[in-house]
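These protein sequence lines are chains A and B, in that order.
Position in the first sequence (from 1) plus 13 gives the number in our numbering.
Position in the second sequence (from 1) plus 13 gives the number in our numbering.
Misleading hints may appear alongside valid ones.
Copies of the same chain look alike in the list, so a pair counts if it works inside one copy or between any two.
[To be verified] Under the rule of at most 25 Å between Cα atoms (straight-line distance), these lysine to any residue pairs were calculated in the SDA-like manner:
hint, residue 1, residue 2
1, K84, N682
2, K488, Q571
3, K315, R350
4, K136, S152
Read the hints as simulated data drawn from the structure, not as lab findings.
Protein chains: 2
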Amino acid sequence: MINYFKADPWKIIEEGFNPQYNEIAESIFSIGNGMMGQRGNIEETYSGHSLQGTYHGGVYYPDKTRVGWWKNGYPEYFAKVLNSTYWSGLEIRINGELLDLNTCKIVQFQRELDMQHGVLNRKCVVALTNGIEVSIESSRFYSLINKEYAGLRYQLSTNKNCQLDITNYVDGNVVNKDSNYDETFWNEINQEVRNHQTIVTVETKKLNWRVCTAVQFDIFNQEIKQQLTHTPTTQSKYAAAHYSFPVTAGEPWQLVKHCVMATSFHHSPEAVEIHAIKTLEKMSASTFQAHLQMSAAAWAKKWETTDVEIHGDIKAQQAVRFNIYHLNQTYCGDDARLNIGPKGYTGEKYGGSTYWDTEAYCLPFYLVTSHSSIAKQLLVYRYKQLDKAIENAQKLGFNNGAALYPMVTMNGEECHNEWEITFEEIHRNGAIAYAIWNYIQHTGDKKYLSEGGFEVLLGIARFWAQRVHWSEYRKRYEMHGVTGPNEYENNVNNNWYTSYIANWCMQFTAECAEWLSQEYPNEWKSILQKTNFHKTEEIQHWNHIHEHLYLPYNEDYQVFVQHDGFLEKQLIPAHELPASDRPLNQKWSWDRILRSVYIKQADVLQGLYFFEDQFDMECHKRNFQFYEPFTVHESSLSPCVHSILAAKIGEPNKAYEMYLRTARLDLDNYNNDTEDGLHITSMAGSYLSIVQGFGGLRIRNQQLQLNPYCPPQWESYKFQILLNNQPVAIFVSKQKTEIANLSSKEIQFTVNGKSKNVEANSSVIV
Amino acid sequence: MINYFKADPWKIIEEGFNPQYNEIAESIFSIGNGMMGQRGNIEETYSGHSLQGTYHGGVYYPDKTRVGWWKNGYPEYFAKVLNSTYWSGLEIRINGELLDLNTCKIVQFQRELDMQHGVLNRKCVVALTNGIEVSIESSRFYSLINKEYAGLRYQLSTNKNCQLDITNYVDGNVVNKDSNYDETFWNEINQEVRNHQTIVTVETKKLNWRVCTAVQFDIFNQEIKQQLTHTPTTQSKYAAAHYSFPVTAGEPWQLVKHCVMATSFHHSPEAVEIHAIKTLEKMSASTFQAHLQMSAAAWAKKWETTDVEIHGDIKAQQAVRFNIYHLNQTYCGDDARLNIGPKGYTGEKYGGSTYWDTEAYCLPFYLVTSHSSIAKQLLVYRYKQLDKAIENAQKLGFNNGAALYPMVTMNGEECHNEWEITFEEIHRNGAIAYAIWNYIQHTGDKKYLSEGGFEVLLGIARFWAQRVHWSEYRKRYEMHGVTGPNEYENNVNNNWYTSYIANWCMQFTAECAEWLSQEYPNEWKSILQKTNFHKTEEIQHWNHIHEHLYLPYNEDYQVFVQHDGFLEKQLIPAHELPASDRPLNQKWSWDRILRSVYIKQADVLQGLYFFEDQFDMECHKRNFQFYEPFTVHESSLSPCVHSILAAKIGEPNKAYEMYLRTARLDLDNYNNDTEDGLHITSMAGSYLSIVQGFGGLRIRNQQLQLNPYCPPQWESYKFQILLNNQPVAIFVSKQKTEIANLSSKEIQFTVNGKSKNVEANSSVIV
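Could you put the whole structure together from the sequences, leaning on the hints where they help?
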């Protein structure tokens, strides 16, 4: 699929229609606003392969889950991202013939995602068998301002006089692609046609999530609104209005859909429909164009702090903006109950909304590009789910307030059931603690510890303290039965990464306890009471673990050992594998993958990335050079960490190679699965590869650190960040680095280890 | 449930009816003949909880299988034991009132399984609300002679004159208890009523297994056959004949069902029904009593060589006969396509028919109790499935004819999908090779090696040779990613048992190759051609593995280490666990079980049991004493090995304690799951605990070895075996051991290591 989409700095462009790529294109052309979103489905009838998808943040379905053999502690359900009422459909007939891109002759076709303004445009000309050519131009967007609003403008003209039949419909009869036995998840509540409004309200069969989709349909002839009669139709979960009128050759007709979608995630169930209809009245008083302009202005503001400019490589430019665009439309920090699903609003696969991807990969993006309140929402999300994490740990036999956050969740409950993941891939707990540390580094908001942050840390530290055990035989603490970030190893003992981050969590929690007890004595008192924290004894225990924890290290190779027994494998570099064996997860059986040395995703290196200040450069190099050859990067989350580390240890070619693997993953459909939706969370990794990798950006104690270089393949690049919520722009070329302080405060920073400062509203070149 | 069933040396007796135990009793009272079988369902209507089950050997259903996350190499289906047409039902009305044990008043009730004659009897008296008391006596059996025949005699009398309505029905509308979404597995073929015959033919929706169930229904009044008219009814998969006639108080009426069940496992699909009807005509020409007598005579013959008499402990006597009875009715060696399902013909749970239980536990029972041709059938079963085992190994990435036998199978294809079992519990391959060695030890039939035995060994040896790998770092062969017999450890490295048996397989195969190439040069030539065996190179490789294979041993404890890392666990004996934590598999999460030291089933000890001649007594003792305290015996297959080893190392109390855990497992419903069916394969373990444990019986090179003692709890015990197909009886009391040679050849044997001999048809006392 390389080069299928045309290169452009601000747009993703598809020229010509290729049915075999339609589902991939639908993923790529997804639009959303952080609260809801939709795949790039074609508005008129399309009888070919298509995954029609409309999704609302927070509205999910606790589907039955089946495994061959149940195990104690497995969750009772699998939270599915729910495909919801389809609002943008139009059934169009010209002289009675159905307009269907799968059966018509396509004369011209162009779909483009205008990332700058957040709008999906399509132009096409099709020839019907009755000899009439129809020209279509459509624009669709999800408003970044009015988060329940989406708009469609659909312009149509014909080359001959003819009779036009249009059915504006809203259809709640949708099925999840991944539903078992084609089960449907929605019950009918109401469907009606009122004047030119089509309204469908549905409710999920479980949990009773209610969604009302209300559409105002306006028809314009040469920009003049027409008052046409229509025939209404309703069926279960379906409302439609049918219009029939003659059109003159060459005359442009505009069809506008103003759509308001309201859900019981934000309103009481009884109020959902009334709210939607009222809001629709307000929204439809204004024009499509006006709504689009407001939304585009909001997009411009987003781009101000999140954009990365790349000069001299238009495909790299396009790719990084594509990644940033999708991150911005997946999560806006509006609501602490929302998070960043692995497919965002672009597909259904994987279910659940929250993985450790959020803390490990996405949070750093929002920390440097967005107001600190947005990143904070992601922390609050976990705090709100602390009780459930404690319950989850209890189910597995832990006590005393130990918390194990779920691997995959929608509402705080675990909803994944492979034992080696659910019960053993516990390092996710570490990333959640690390996120708090990271947030404080960027924002200085240590007060958050008193607002919930410390309780989260304590639950996590208590979990680790119980999860290790004392080996009397070896006279040390060990941690058995773990799956590290490298999921190509299951149920291993003494996974270096997991043990290291566990120990770090306990030490960091102890440090925070000291600080909090001194700085916030009142809050501290109530925390002690609430958590029943025995500070002295518990910290003593953590310190004992710290002193005696086994962290595998090998003297011969001078590397940290991924886990016990790793060096006893056949140590054959991945490049020696026959190409026909790749990707391993499609070609090899699971036991063969497990027995092999091959790493799905950075494991020891993930630890070096998180805790880089605790290891010297030589240590970074040795471990990178040892593990990199065994890493097959069959997780989309892997290459970015390698890219950042390669940049750090001075391997720019490797850094660039790894960057390329993440940046155009979906655009070029590297993993052959883009039709299922986009790899949203790994998109943050692409951004970080540039900013943390090539730019060498770090924020420590709210101070900016840079170690920048320009990849030889580029002329220069530029990115803008928010440092303590103040804008700073960094330009890096082969010759120079320019730091522009766009704020009204002086900034101190270091470049390549040297302290510098830049005054308010000015820039320095280094 | 202890003492629920009354003690009796030859019978299992239930006195009084307890609806809450009905499903348990149905399992206990199952009857069968090695080709088909049925649970102890009550003939008349029963509207309470019941698992109605009728099963035919070899007739299975490849059901959809679902796991949360698929892995390469998983099978596409799960083979379900199929619940089949129900033949023994009678709907009875007295003056219009339905006879239903769930709603009538039960005045008297006794169900008994007469194990000596292989017949299930029931007597009961019930009072209807209309004031009439009905006395019932029923007898049901599956013929051990005519393997497609089952008979029912149902005698009934009333205490008042009344009108009797009887519907004799055959019903194919049955559902598997474990079917997803209550799916049915049978399609209608034919149902009809011909004179007094009710016939139903059905076919499975997949694989098209056809089953015809044909019943002749005769009514006798005071032993005189009555010619009554009836009203026939047929519905889909259902045929019934309704009789209505007046009965006089006190007069006994006998209802007899002769049933023939024929399946396409034995006949061509088109011939099934014709065959059943013809056979039924032949069978119904004779009387129920005559059929029962013939079958009982066959049971008497079975008991001659399989019985164990225990004197001075009636419950132990009952228990061991219960175990032997079920083994005999589950497998008779008639057909090399049949095997021993974990639930036999007593329930549906677990699916599949064949586990490694067959070779490890059941085969030794048949080897000492039955003609050698019966045990041989079990070997031939695996030989017939060798091609599928090779395919299975190929799917997992092995080549050169390596064979991996499935963990669970019906037709040679794997049908289990937990990766840690399916792909990793590969020691099953070892048991299949060991069975060949064991068979030769008992029978001397080394010629079997040329008939398929060697090909099986070679496939297995080749698998092991590829499954180990050379660790360059450690300079030795290792075997990673294994689950041993102890399934409470998954994906471990260097499991001692698995590595030991792997090495043994390769060495034994090499030895057989030498012997075969010399003794059967012609057959050898064609084997070489068929298998493409490079004898010199492959054996060289096996020897290299033999010399360099890592078999973990710990010098401090002087024990074999179950697997890498085992000693680094918390070594707390199981008796220190709180009772509320047991059984662990119901109380603990899976990760906690895996991390713990607790052993589900003998693992190192299983190896000592198999290969005892290769280890000295001190080694046996040290390993037993080390591992026994950590073993929780949550597999029904575990205690017998512990019992046999405890007997061997001179711990009679432990041996007896372990014996008790297996012998009355189902009778006393220890595991609280008897309602699902009986633990057929572990029943062999109970037998072995006595014969190999207390009796110390071994057969090496067809020579009998004994190390007998009498458990202090018993007066004496006696068992009869077939040695080289000749009967030998062994009597053991506290004072003496008597070996009776019932054959016409002299026997040499050893007792407590001393050589003895006993002449034909005489006995010696030692």
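Hint-by-hint comparison with the structure:
For the homomeric pair K84 and N682, the shortest alpha-carbon distance between copies (22 Å) is at most 25 Å, but the shortest distance inside one copy (36 Å) is not. Taking the shortest alpha-carbon separations for K488 and Q571, both the intra-copy value of 23 Å and the inter-copy value of 19 Å come in at or below 25 Å. For a Cα distance limit of 25 Å, the shortest separation of K315 from R350 inside one copy, 21 Å, qualifies, whereas the shortest one across copies, 70 Å, does not. For the homomeric pair K136 and S152, the shortest alpha-carbon distance inside one copy (9 Å) is at most 25 Å, but the shortest distance between copies (82 Å) is not.
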